[in-house]
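Engineer: Read top to bottom, the protein sequences are chains A, B, C and D.
Sequential numbering of the first sequence, starting at 1, is according to this note's numbering.
Sequential numbering of the second sequence, starting at 1, is according to this note's numbering.
Sequential numbering of the third sequence, starting at 1, is according to this note's numbering.
Sequential numbering of the fourth sequence, starting at 1, is according to this note's numbering.
Hints may be right or wrong, so weigh each one.
Unchecked claim - Here are the computed lysine-lysine pairs in the DSSO-like style, where the Cα-Cα straight-line distance is at most 30 Å:
(1) Lys142/D x Lys79/D
(2) Lys393/A x Lys142/A
(3) Lys393/A x Lys142/D
(4) Lys142/C x Lys393/B
(5) Lys142/A x Lys79/A
(6) Lys142/C x Lys79/C
These aren't lab readings, by the way, just hints derived from the structure by calculation.
There are 4 protein chains.
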Amino acid sequence: MSTITTISGGSVSSSAANDGVGLAERYRSIRTETLNLVAPLTAEDCAVQAMAEASPAKWHLAHSTWFFETFVLAAHDPKYAPFDETYLYLFNSYYNSVGRQYSRPHRGLLTRPSLDEVLDYRRAIDDRVLAFIEGASNDIAKRAASTILIGLNHEQQHQELILTDIKALFWANPLRPAYQVDDSAASAIGSTGSVRWVELDDGLREIGFSGEGFCYDNETPRHRVWLDRFALSDRPVTNGEFIQFIEDGGYARSDLWLSDGWIAVGREGWHSPLYWEKTDGGWENFTLAGMRPVDLTEPVCHVSYFESDAYARWAGARLPTESEWESAADGATEQGALLEGHRFHPAALVDTDRAAISLRRMIGDVWEWTSSAYSAYPGYRTPEGAIGEYNAKFMCNQFVLRGGSCATSGSHVRGTYRNYFSAAARWQFSGLRLARNA
Amino acid sequence: MSTITTISGGSVSSSAANDGVGLAERYRSIRTETLNLVAPLTAEDCAVQAMAEASPAKWHLAHSTWFFETFVLAAHDPKYAPFDETYLYLFNSYYNSVGRQYSRPHRGLLTRPSLDEVLDYRRAIDDRVLAFIEGASNDIAKRAASTILIGLNHEQQHQELILTDIKALFWANPLRPAYQVDDSAASAIGSTGSVRWVELDDGLREIGFSGEGFCYDNETPRHRVWLDRFALSDRPVTNGEFIQFIEDGGYARSDLWLSDGWIAVGREGWHSPLYWEKTDGGWENFTLAGMRPVDLTEPVCHVSYFESDAYARWAGARLPTESEWESAADGATEQGALLEGHRFHPAALVDTDRAAISLRRMIGDVWEWTSSAYSAYPGYRTPEGAIGEYNAKFMCNQFVLRGGSCATSGSHVRGTYRNYFSAAARWQFSGLRLARNA
Amino acid sequence: MSTITTISGGSVSSSAANDGVGLAERYRSIRTETLNLVAPLTAEDCAVQAMAEASPAKWHLAHSTWFFETFVLAAHDPKYAPFDETYLYLFNSYYNSVGRQYSRPHRGLLTRPSLDEVLDYRRAIDDRVLAFIEGASNDIAKRAASTILIGLNHEQQHQELILTDIKALFWANPLRPAYQVDDSAASAIGSTGSVRWVELDDGLREIGFSGEGFCYDNETPRHRVWLDRFALSDRPVTNGEFIQFIEDGGYARSDLWLSDGWIAVGREGWHSPLYWEKTDGGWENFTLAGMRPVDLTEPVCHVSYFESDAYARWAGARLPTESEWESAADGATEQGALLEGHRFHPAALVDTDRAAISLRRMIGDVWEWTSSAYSAYPGYRTPEGAIGEYNAKFMCNQFVLRGGSCATSGSHVRGTYRNYFSAAARWQFSGLRLARNA
Amino acid sequence: MSTITTISGGSVSSSAANDGVGLAERYRSIRTETLNLVAPLTAEDCAVQAMAEASPAKWHLAHSTWFFETFVLAAHDPKYAPFDETYLYLFNSYYNSVGRQYSRPHRGLLTRPSLDEVLDYRRAIDDRVLAFIEGASNDIAKRAASTILIGLNHEQQHQELILTDIKALFWANPLRPAYQVDDSAASAIGSTGSVRWVELDDGLREIGFSGEGFCYDNETPRHRVWLDRFALSDRPVTNGEFIQFIEDGGYARSDLWLSDGWIAVGREGWHSPLYWEKTDGGWENFTLAGMRPVDLTEPVCHVSYFESDAYARWAGARLPTESEWESAADGATEQGALLEGHRFHPAALVDTDRAAISLRRMIGDVWEWTSSAYSAYPGYRTPEGAIGEYNAKFMCNQFVLRGGSCATSGSHVRGTYRNYFSAAARWQFSGLRLARNA
């Protein structure tokens with residue numbers, strides 16, 4: 001693997017880079033959380049992918065390990081020898097610069113290595129990485145630290161994908177298996193009040209990451225944008241509101257949809273968010289705790305960009321740009337459900353205090369579609385080497401989502417974080433918040 | 001499941017129908033053999049399907065059980081209650097008359113029920129079927145016996161499919177896992193002599209099943225056909241011969257191929273039989289015991305109808321019709337490898353006695369493509385009810401193969417047996433034998 | 001074009017081969033008839049193909065001319081020089097042995113050469129062929145004559161395709177243009193009596209062409225087949241009868257269909273024969289004279305093999321084999337509509353004399369699907385050279401149709417004639433006749 | 001057609017709206033230019049479409065006429081009666097709000113109405129529109145004027161499409177027909193100097209249309225954007241430069257491409273711009289005057305967004321945003337080839353005066369890809385009624401191109417004009433200009 005290239009992207013505060021002890025602890029903690037997430041799954045569950053866009057849980061376990069092997073050990077550890085040459089090929093996702101990749105839609109065919117073998121692989125690489133962190137010279141450690149941090153953030157992204165991909169798999173099974181039991185109170189007692197609008201003044205704002213801590217290259221550089229005066233809804237759109245859209249014929253009115261969205265409606269047969277089913281007793285939706293009645297007060301989830309855009313048009317509003325979203329998010333405090341809560345479902349949005357208006361749940365619950373196509377910030381520079389493939393090569397035909405979801409770790413997401421998916425994707429925990437011109 | 005229809009097809013000798021003890025024993029033995037075949041597989045191996053045409057081993061285990069539940073217990077046992085309502089849907093293959101079916105290309109998504117649950121299902125149905133066999137009134141037993149026999153033959157067909165489908169799955173895996181260890185002698189020492197032709201006179205022959213024992217409906221009725229004088233090769237085409245075809249540009253000469261075959265060559269990129277790889281050391285092929293050098297003396301295997309037809313044209317010969325094949329098979333004795341040998345690979349064809357000419361290996365080693373499109377025999381009547389879907393509805397765009405393979409049970413195959421696959425199929429143990437006009 | 005190979009297939013009586021005068025006359029007459037057929041069409045109509053399986057009329061005009069240029073002039077005329085090198089590529093249909101071919105689904109993109117230029121091409125080649133026929137030495141003429149006869153029969157096949165392809169094109173146009181005016185009496189006054197069965201004894205029959213005159217290689221050799229006793233309907237199935245099948249839910253009952261047929265019904269949305277439309281006033285069908293009410297007494301037309309097979313099953317009957325059909329056709333006299341009548345639609349089947357039972361309309365009106373897959377006759381030898389590609393390479397996944405249609409020339413069809421199409425094809429003038437075991 | 005909705009979009013200066021005489025003259029002139037463009041084509045040429053994304057010239061002629069019939073006459077003329085009811089369906093492109101549309105990929109099947117009938121249709125509608133313009137009351141005329149202006153701009157868009165679509169059609173034809181003769185000097189004598197960079201200061205700029213005259217809704221509202229300091233190449237990338245990219249392995253280096261672009265390279269087999277062919281004598285390209293050697297000094301043309309983006313990365317630069325482009329274009333004067341020149345090919349870029357640096361050819365020659373995804377401007381409002389479908393519903397998965405091409409009318413394009421195509425489109429006259437951070 002002579003082609004392995006040193007990664008040198010990201011912006012990491014020097015404190016983290018120097019602090020081997022803190023890094024090792026964080027490594028252990030995040031890697032363990034991944035194992036917690038697959039604990040409810042059988043080896044069979046972990047082997048299969050629901051569709052070409054998803055991956056088997058076992059593959060996620062192996063690929064996130066491959067990332068550390070390739071970009072930390074192979075790149076920085078002079079004693080490095082491959083754990084298994086084949087794994088370098090099987091578990092490379094899309095890094096052309098470090099070799100060929102096993103066909104993505106066929107990842108679900110890899111019944112070998114077994115789950116046990118992949119867990120052995122994880123343990124072995126964990127041991128080596130931890131030994132490397134502890135034993136590396138100050139110089140090497142400094143250089144490797146930023147890559148390790150990327151690897152841990154990468155791991156957290158795959159934690160979320162393990163959840164979204166297993167949800168898609170269980171949905172394809174008529175048995176509708178539950179990933180876990182949900183002991184939380186059956187359904188919300190309160191109700192969600194009508195939307196209230198938070199206005200923001202026009203002006204020249206700064207957007208993008210700055211300061212201490214980790215961020216991805218695509219959040220940089222911090223740069224100026226002019227924003228006209230606008231207003232943002234104080235909370236995401238709820239299931240109850242989305243049902244009004246459905247009942248008003250939202251899925252049958254071409255005038256509400258983008259041209260490609262209208263084609264998707266017909267081709268895919270959409271008539272509700274993903275995972276919804278109309279029963280005699282009303283709408284139900286599939287959660288990681290199984291089927292249950294749709295809670296009207298929860299943020300609507302598993303809608304595509306097309307559906308979000310159509311809903312906004314129907315509501316006489318629009319989606320926010322990512323600059324508007326980020327600019328407004330600064331200072332918002334109330335968070336929705338996050339991965340740490342291990343409920344993996346958006347939380348009910350019940351009004352408690354109608355007196356004080358604030359932007360609620362900018363972080364957590366559901367990724368919020370923005371109207372911004374995913375592209376490079378002004379002054380953006382693609383990192384050198386393989387890590388340049390991490391984000392930059394996907395800047396085409398995707399839309400930015402912001403804020404994280406109930407499957408995102410709170411230690412992973414932040415106001416400047418840019419997630420991105422194609423306009424028809426629905427299997428992520430994606431919802432929306434309205435904006436309008438002021 | 002009120003739509004379940006009594007099956008009343010097949011031709012079964014009365015002795016078998018009356019003999020509950022013999023039937024129970026046979027039931028136990030064949031059902032156990034299926035379990036033996038999956039013993040080397042992990043739960044993960046059993047969950048996945050390599051392609052839409054194949055099925056997961058777990059599905060084969062469940063479907064063959066569903067067959068007994070649906071057509072024996074539900075149809076004949078007054079005490080019947082479903083083991084699990086969902087299974088009736090999940091494990092119905094293609095019987096429209098007994099309800100809807102879970103989408104075939106998605107069988108590999110069913111990580112639940114687990115392999116253990118499916119094995120429980122098998123045990124439970126086995127208990128019930130055996131109890132039914134022992135406890136049924138003479139009258140009911142007589143009526144059910146023919147269905148049980150169909151179910152056992154059906155089970156044996158799926159035993160072969162378990163092997164062919166797992167071979168396809170392991171081939172898709174770059175690790176090239178071995179299903180089993182093969183301790184047999186490395187490679188044949190002897191060599192195969194040139195083809196010798198066995199001539200058969202013209203005349204009016206009788207074709208199709210008659211007499212005692214089980215047969216499928218598509219082998220009936222026995223009927224007359226006129227055959228012109230012809231000759232049949234004394235043995236199947238070998239790997240060594242097929243390599244000559246390859247080296248003579250067989251895959252590059254359009255004049256050797258049927259029009260659809262030539263299109264398949266281009267579309268699929270064929271340049272050798274399935275499972276072959278050209279290495280620096282020569283041709284290797286993938287077996288259920290892993291990769292190994294191609295043995296020149298073995299019958300060539302995993303070729304499509306198109307390749308068989310092209311080879312025959314190249315060799316200045318043709319494929320036999322199924323009438324010619326069946327007519328000639330009568331009296332041939334030397335058998336090739338069969339499932340019982342558990343080697344699951346064709347046996348080397350070494351000449352021992354060049355003096356006596358006879359038709360060798362008509363049964364076993366490889367299914368032999370015939371030039372006959374699969375269709376109804378004159379006077380054929382589709383059985384009433386669901387069993388009418390077993391064979392009759394596939395009489396279109398398939399070719400007949402004869403003789404069984406190294407993955408076919410010797411107690412399952414016979415001279416009149418008609419297997420059928422589409423002209424491009426290669427993942428069965430399929431080979432060919434030449435014919436020519438005399 | 002050094003690869004051009006002399007054609008030496010077909011069976012032609014020596015009288016035809018020697019008789020240059022008769023041949024020239026026949027050449028002029030058949031080539032002129034082709035021009036008559038395109039006379040109602042505009043240059044635009046002639047340029048376009050309705051679907052990949054069809055060709056533009058202009059392409060038919062050019063390709064049938066290319067056939068004479070390539071296989072007669074280039075092969076036999078020492079003075080030959082290409083009319084236009086590009087045409088040799090553009091208008092080669094599928095003869096791999098005489099060079100590459102322009103992509104079939106893109107034939108409709110060839111707006112150049114223009115229709116006028118193609119007509120010039122026809123005239124130029126006609127002049128040369130006629131000069132060749134007149135001027136050739138006895139020896140050369142004898143050798144070329146059989147190819148010219150094949151070319152003329154080939155021309156007649158394309159006459160029929162011009163009609164079926166233009167019908168498909170006009171059907172795709174919401175304006176539903178009429179190819180011609182039909183002045184014939186509006187609708188039949190009489191009615192068709194119920195089916196009567198003509199029984200045929202069992203016995204050893206001879207099938208295939210013999211005697212004087214032209215035939216295709218696939219009609220040879222004449223050979224023996226054993227036929228069990230059977231009965232054939234005295235006439236094709238009518239529109240009136242087919243409507244009963246529709247109204248009885250024929251298109252909604254999976255038990256009536258072959259597995260692939262049932263898939264086709266769902267995929268294509270079939271609910272009636274091609275070119276039918278249900279209006280407030282009942283069923284109408286599109287003819288080359290435009291839309292008109294379905295005539296209940298006409299043979300049903302534009303049904304696939306799948307629909308024919310399903311109808312037969314519904315009717316408690318089956319389709320005949322091609323041997324049965326051919327054996328019965330011998331001696332039948334009443335013909336249906338043929339190309340010469342220039343009405344291009346099946347003729348009404350009104351009972352005139354119920355006393356005498358005979359096989360009516362074996363020739364003409366509609367091609368009749370048989371249950372026989374298209375394959376080589378016993379003893380068949382593929383002709384040497386390019387003409388070997390004419391028929392032999394299509395012997396896979398097609399069914400034989402017999403008897404010719406209202407778009408077939410009476411001088412082209414005969415009892416031994418084997419037409420073939422895939423089981424889902426509907427745009428030919430194809431219908432069916434029932435058979436049953438006696 | 002009761003659903004026809006009044007169009008009330010666009011921004012038109014009141015002078016144009018009031019000036020019936022000027023409008024009539026402009027109408028005549030633009031409509032006549034369209035006829036000039038199809039003059040070299042035969043009826044066959046006009047009937048066919050090269051691919052689903054293109055349309056037949058005849059369809060363009062009819063659709064642009066349908067636009068006036070539907071949005072001017074039907075909406076504003078009290079005496080309106082349809083010319084032909086069917087045309088309202090056949091020639092509606094994508095306006096869901098005014099009824100169903102004939103399937104786009106099948107437009108090439110409409111051999112009827114004939115070209116002559118479509119030309120009659122044009123004449124009839126022209127007469128009616130001109131009569132309407134002259135005879136309408138001041139009040140009605142004022143309301144209709146903006147729609148007529150949209151219709152004329154729409155007509156000019158289709159003039160360009162007639163040229164790009166016929167070029168694609170002729171390219172599909174191995175005869176490589178020439179649309180016209182090009183008498184211009186064979187090849188440029190001069191050479192293009194190296195790129196020079198024009199720097200622009202940072203600051204708050206105003207982007208979007210303002211002032212008198214026509215613009216599309218998507219150019220509004222004029223709004224502020226902040227631009228960081230940047231530099232723009234003084235001219236488009238030339239063929240000579242692009243050949244260096246090719247020869248440096250540009251099409252074989254995955255690191256230069258967006259992920260979707262790299263997939264497109266493989267899927268489509270790209271190895272040069274569209275219409276290029278490598279011959280023994282070097283690169284040739286297909287023009288509307290036939291094949292000719294690639295002129296190194298011309299702007300490269302017929303490259304996709306993916307190729308433009310890859311080239312820019314290879315050159316160590318990037319594509320400009322549309323704001324950068326528009327901001328810089330203000331004041332640039334030298335134009336490239338435009339439709340009026342009737343050469344329909346970019347003009348050679350020879351350096352005349354190296355002393356003065358300026359932005360050359362911002363308008364004309366080739367549409368320049370920008371890195372901006374096509375989306376709504378801040379404050380954009382979708383027009384009411386059918387015209388809302390003109391631009392807004394396509395704001396997804398497209399990139400903005402700026403500046404017009406050699407097939408764009410100079411009276412149609414302007415600095416604020418936003419064209420948009422998907423990232424893989426190559427059949428437009430599309431090229432690129434480099435940008436970089438300053």
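Engineer: A separate judgement is required for each hint: does it hold in the structure or not?
Structural biologist: Hint by hint, here is what the structure shows:
1. Lys142/D x Lys79/D: Holds, at about 18 Å.
2. Lys393/A x Lys142/A: The given pair, whose Cα atoms are some 27 Å apart, holds under the 30 Å limit.
3. Lys393/A x Lys142/D: violated (50 Å)
4. Lys142/C x Lys393/B: Distance of about 50 Å is beyond 30 Å: violated.
5. Lys142/A x Lys79/A: Answer holds: lysine 142/A to lysine 79/A is near 18 Å, not above 30 Å.
6. Lys142/C x Lys79/C: holds (18 Å)
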